[in-house]
Amino acid sequence: MTFLFIIEMIGAVAAAISGIRLASVKRFDWFGAYIVGLVTALGGGTLRDVLLDITVFWTTSWDYFVATGVAMAIVLIFQRQLVRRLKALLVFDAIGLALFTVIGIEKSLMAGRPIWVAIAMGLITGAFGGVLRDILINEEPLIFRKDIYAMASFLGGVVYGIAFALGGDQVACGLSCAGVCLTVRMLALHYSWHLPIMHPDNE
Amino acid sequence: MTFLFIIEMIGAVAAAISGIRLASVKRFDWFGAYIVGLVTALGGGTLRDVLLDITVFWTTSWDYFVATGVAMAIVLIFQRQLVRRLKALLVFDAIGLALFTVIGIEKSLMAGRPIWVAIAMGLITGAFGGVLRDILINEEPLIFRKDIYAMASFLGGVVYGIAFALGGDQVACGLSCAGVCLTVRMLALHYSWHLPIMHPDNE
Amino acid sequence: MTFLFIIEMIGAVAAAISGIRLASVKRFDWFGAYIVGLVTALGGGTLRDVLLDITVFWTTSWDYFVATGVAMAIVLIFQRQLVRRLKALLVFDAIGLALFTVIGIEKSLMAGRPIWVAIAMGLITGAFGGVLRDILINEEPLIFRKDIYAMASFLGGVVYGIAFALGGDQVACGLSCAGVCLTVRMLALHYSWHLPIMHPDNE
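Residue numbers (numbering that gives the first Met the number 0), protein chains in the order written: chain A, 0 to 202; chain B, 0 to 202; chain C, 0 to 202.
So here's chain A without its partners, still in its complex pose (with noise of 0.2 angstroms):
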């Protein structure tokens, strides 16, 4: 439980980084950056509790307010070391993608909910605090056109159906969803995959 939690706060540290980043290229004041780092860390399970209509899970604790207040600290005082550290923030981006696409699949089982809603609530908890984010900043959300990024979440999920169908028990299909999510968007990071291109009509 502990170290579960260590990791959701790292990942949720992650994302708030990335996005109180991108909002001071925009010239976001310093709450306005602040929320959008705490949009772009809590807003996927947001989302994904209002759809569920289960308990906003934020509103049970504040954890996510703390971490972004983390996150804004390490911004501010670290700025300059952490354009040389872009790496160790996207793996702890990764780490964050696979935990809170885990979280969200079993927070849909655990509503009652089948394993395909379920996988597509894991895509929404791990990708769409991101897509926030960018609607907020004003620009296309980056995660439908760059990388592998929620297509990892969704293969992690995949993975997990698999796990599930075949009577695996919750360890064995979080672990196995993780190890495939944060595999593949690692893979995809270091090889620059990335899926094909959609091409508008006139070509």
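Treat the hints as calculated values from the structure; they're not laboratory data.
As the structure is a computational prediction, the values presented were derived from the model and not from experiment.
Built from N, CA and C at the ideal position, the CB exists for glycine as well.
Take the hints with a grain of salt, since some may be wrong.
What the hints assert, rightly or not - Which bits of chain A does chain B cover? Going by a derived footprint, with three or more residues having C-beta under 8 angstroms, they are: (1) 12-26; (2) 59-69; (3) 135-142; (4) 149-162; (5) 173-184.
Stated by the list, open to error - In the EDC-like style, the derived pairs of lysine to aspartate or glutamate whose C-alpha atoms are separated by at most 20 angstroms in a straight line are: (6) 25(A) / 52(C); (7) 106(A) / 52(C); (8) 106(A) / 146(A).
On the provided structure of chain A, position chains B and C as indicated by the hints.
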């Protein structure tokens, strides 16, 4: 039932195609385009269900996921022909608008809401998928600037309300609503009807 | 009750006017401008109610629809005069911000949520209508980049929390919250106070 379901799926495919084609213009990748298509098809109904606090419709059936897959295949395979079939697409889209408006109104009445809330929900069901699509691809919502689209849904809703107040049964109310919505939308397309544009202060 | 209701409607009209005027700059049509105005007026409260999982407030009364209609008439008829009355508009908007913050906090406490959730909901009620407005018109949210706006709501919320912890009754808590929020906002407008801006990495 089956007939209505076929119409609903045609409307969903038409909506998804509009999302996928606009995502193509922005050079989203395949996965991103699929998600934009999906949000266009089911976004309005999702917002309605969240606002009504009822079970989000797509969490009990994956029809819309399949419909978006069909839309994706149509765009990828028939892209060039689609450009010459724009008129057919717009007709299907108008049929979807009319049917989604009726579905939104009836779902709201079934949830025990007053008729004016139902009309608002009909509009949201019919037109807000396109709004969410335009937010995702980072464009100003088309329906607020061009053609008579949301207004057609609204007028259909008002006609539903009148038929409802006059004691019409569900079929009569639904048919008159869909008929008005579809007629207004098709006439607006054919004669290039527009609503008056707002003018900024400095003119 | 009646006095508070009049204040709330003035706040709603002021919020709707800000949405309609920004939609005019983007040359939305009348219907689109009305919807942007409506979303500005009721968007924050809607998000609050969805996050608290309580009945969305505007589905039980159409006050805000009427208030937006009044705002629409004011913009269309008095457009030129409005430019010279910008200061009055900003005062009404600040009054709305203060009252919406109090309403958001009290609704959350009535729903049994802890005070820190209530403060967050006060901020969302007061400031997120403007965020949703800026998302709809495809601009970077103004409140994250300019002036002290969301911060005024937040400070008012903190004062509510302090008064609440000290055992103040509802009237005392509400008045001190609204007073601080309004004072901070008006001082920020008058002296052009800003929060520090974030700087991107490469500086």
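Taking the hints in turn, this is what the structure says about them:
1. 12-26: violated (count 0)
2. 59-69: violated (count 0)
3. 135-142: It holds: at least three residues are needed, and the stretch 135-142 of chain A offers 5 whose Cβ sits within less than 8 angstroms of chain B.
4. 149-162: Satisfied; 3 residues make the cut.
5. 173-184: violated (count 0)
6. 25(A) / 52(C): At roughly 33 angstroms apart (the allowed maximum being 20 angstroms), residue 52(C) and residue 25(A) break the hint.
7. 106(A) / 52(C): holds (17 angstroms)
8. 106(A) / 146(A): violated (27 angstroms)
Of the numbered hints listed earlier, those contradicted by the structure are 1, 2, 5, 6, 8.
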